[in-house]
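Residue numbers (this note's numbering), protein chains in the order written: chain P, 9 to 126; chain A, 9 to 126; chain B, 9 to 126; chain Y, 9 to 126.
Derived by calculation from the structure, the hints in this document are not laboratory data. Treat the hints with care, as some may be off.
No copy is singled out in the list; a pair is fine if it fits within one copy or between any two copies.
As the list claims (entries may be wrong) - Quick list of in silico lysine-lysine cross-link-like pairs, DSBU-like style, CA-CA up to 30 angstroms:
id : residue 1 : residue 2
1  : K120      : K73
2  : K14       : K73
3  : K122      : K73
4  : K119      : K73
5  : K35       : K106
Protein chains: 4
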Amino acid sequence: MDFNDKKSIFLQIADFFYEKILVKTMKDNDRVASVREMAVALEVNPNTVMRTYQYLQEQQIIYNKRGIGYFIAEQAYDKALAIKKEEFINHDLPEFFKTIDLLNINIEDIKKYKHENK
Amino acid sequence: MDFNDKKSIFLQIADFFYEKILVKTMKDNDRVASVREMAVALEVNPNTVMRTYQYLQEQQIIYNKRGIGYFIAEQAYDKALAIKKEEFINHDLPEFFKTIDLLNINIEDIKKYKHENK
Amino acid sequence: MDFNDKKSIFLQIADFFYEKILVKTMKDNDRVASVREMAVALEVNPNTVMRTYQYLQEQQIIYNKRGIGYFIAEQAYDKALAIKKEEFINHDLPEFFKTIDLLNINIEDIKKYKHENK
Amino acid sequence: MDFNDKKSIFLQIADFFYEKILVKTMKDNDRVASVREMAVALEVNPNTVMRTYQYLQEQQIIYNKRGIGYFIAEQAYDKALAIKKEEFINHDLPEFFKTIDLLNINIEDIKKYKHENK
DNA sequence: GTGGTCTAGACCACC
DNA sequence: GTGGTCTAGACCACA
Numbered sequence: 009m010d011f012n013d014k015k016s017i018f019l020q021i022a023d024f025f026y027e028k029i030l031v032k033t034m035k036d037n038d039r040v041a042s043v044r045e046m047a048v049a050l051e052v053n054p055n056t057v058m059r060t061y062q063y064l065q066e067q068q069i070i071y072n073k074r075g076i077g078y079f080i081a082e083q084a085y086d087k088a089l090a091i092k093k094e095e096f097i098n099h100d101l102p103e104f105f106k107t108i109d110l111l112n113i114n115i116e117d118i119k120k121y122k123h124e125n126k
Numbered sequence: 009m010d011f012n013d014k015k016s017i018f019l020q021i022a023d024f025f026y027e028k029i030l031v032k033t034m035k036d037n038d039r040v041a042s043v044r045e046m047a048v049a050l051e052v053n054p055n056t057v058m059r060t061y062q063y064l065q066e067q068q069i070i071y072n073k074r075g076i077g078y079f080i081a082e083q084a085y086d087k088a089l090a091i092k093k094e095e096f097i098n099h100d101l102p103e104f105f106k107t108i109d110l111l112n113i114n115i116e117d118i119k120k121y122k123h124e125n126k
Numbered sequence: 009m010d011f012n013d014k015k016s017i018f019l020q021i022a023d024f025f026y027e028k029i030l031v032k033t034m035k036d037n038d039r040v041a042s043v044r045e046m047a048v049a050l051e052v053n054p055n056t057v058m059r060t061y062q063y064l065q066e067q068q069i070i071y072n073k074r075g076i077g078y079f080i081a082e083q084a085y086d087k088a089l090a091i092k093k094e095e096f097i098n099h100d101l102p103e104f105f106k107t108i109d110l111l112n113i114n115i116e117d118i119k120k121y122k123h124e125n126k
Numbered sequence: 009m010d011f012n013d014k015k016s017i018f019l020q021i022a023d024f025f026y027e028k029i030l031v032k033t034m035k036d037n038d039r040v041a042s043v044r045e046m047a048v049a050l051e052v053n054p055n056t057v058m059r060t061y062q063y064l065q066e067q068q069i070i071y072n073k074r075g076i077g078y079f080i081a082e083q084a085y086d087k088a089l090a091i092k093k094e095e096f097i098n099h100d101l102p103e104f105f106k107t108i109d110l111l112n113i114n115i116e117d118i119k120k121y122k123h124e125n126k
């Protein structure tokens, strides 16, 4: 992870967890790396990781056991899917349609890029 | 224009011009509203408009005639299309594919949303 | 003439006259094109040409006969040479030396570029 | 720094950094003073420094670490040299040759001035 | 603490 | 009238 992106670092880290959950690498009640471990691993300020964890906790994707650590919440997969899907349909997709219209790109053409990308 | 978006105002104004050019409302050598006029029209500080204009000038979408004003550059359409297409293919599209994979959405499904949106 | 330069247009026009005088294309008491003619020829606002003429008049490079027009002043060549030489030695040259030092370029190397340029 | 020059302040500050890099006072990955520090040091508005930093960032002379600050980019020396050399050869030098031709100055004469200057 | 954006208002050179 | 630069000061998100 490089964090060169315009997106804030704490959100990029959050996406990292979303991904792990959506591909089922991380499952309900799995332990999450401690703030300090994560900060060292990512070469990032612990405050930044802390912020990610609080953000994920607000979304009920992880939960905290005081003095023990953070864990993946029950039904994290469903929640993550719902959150990301909502985001996709209400934000990404409309923008996507607007852009391809403006650029005169056909949806059919998109598929080609998909295969090229692979 | 409302500027409720998270994107910075000066970039939203830039996109406003990109759009005008891509739908061919503005054509080569058309005069662009003066910094002050634009600022009044958008209810925005002149400095903000200035920033947009310098940004567009760097991208060679507009050019300046000393003491007279800004004008749409030659081949602005081609340049705008190239810039936005590059952005779309190298940034938006990979992210798009990654997201739909994660969310288990098929490209075919996307088309339905398109029609619903219309 | 294109006036794309960062230098102001009226000074670029002034330089045009300096050059004519220094290569002796224009000589003492030659008539200078009228403000309007010049403005049309250069596709420039008459005010801009006017400013050039006033500037050259201040430097006593041209003089005005009321109702008749502008003319090259006596000894314009000597004056032009003196002005430009002063400018060169006190402004251009020090900057020139500073730059070649910074870029680690030897004066001897400069000669090569001269020949390449020709 | 005095900023008496006709050049804009933010570009003079940029040149200040170019110089530091070209004389190797500043090296790759060195931290650059924060916008606020620099503004205080130069007795200049933070916005002005900000503008310099963004200008240098576009030229890839410095880069930003989010929330931490600006740093000298990798190979900043090479880039700075290339930029300034390009400027010198394509802009300063042709003008230089034109001027000395007009003024009937020989390149050999230039060397004398160099020694007088020192 | 860091950068980033924006406003308000001023001043300047130039056309 | 035009753009261009700068100041002063504010507010925000982020690390």
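Evaluated hints:
1. K120 x K73: Close neither inside one copy (47 angstroms) nor across copies (36 angstroms); limit 30 angstroms.
2. K14 x K73: between (33 angstroms within a copy, 11 angstroms between copies)
3. K122 x K73: neither (42 angstroms within a copy, 33 angstroms between copies)
4. K119 x K73: neither (45 angstroms within a copy, 36 angstroms between copies)
5. K35 x K106: between (36 angstroms within a copy, 20 angstroms between copies)
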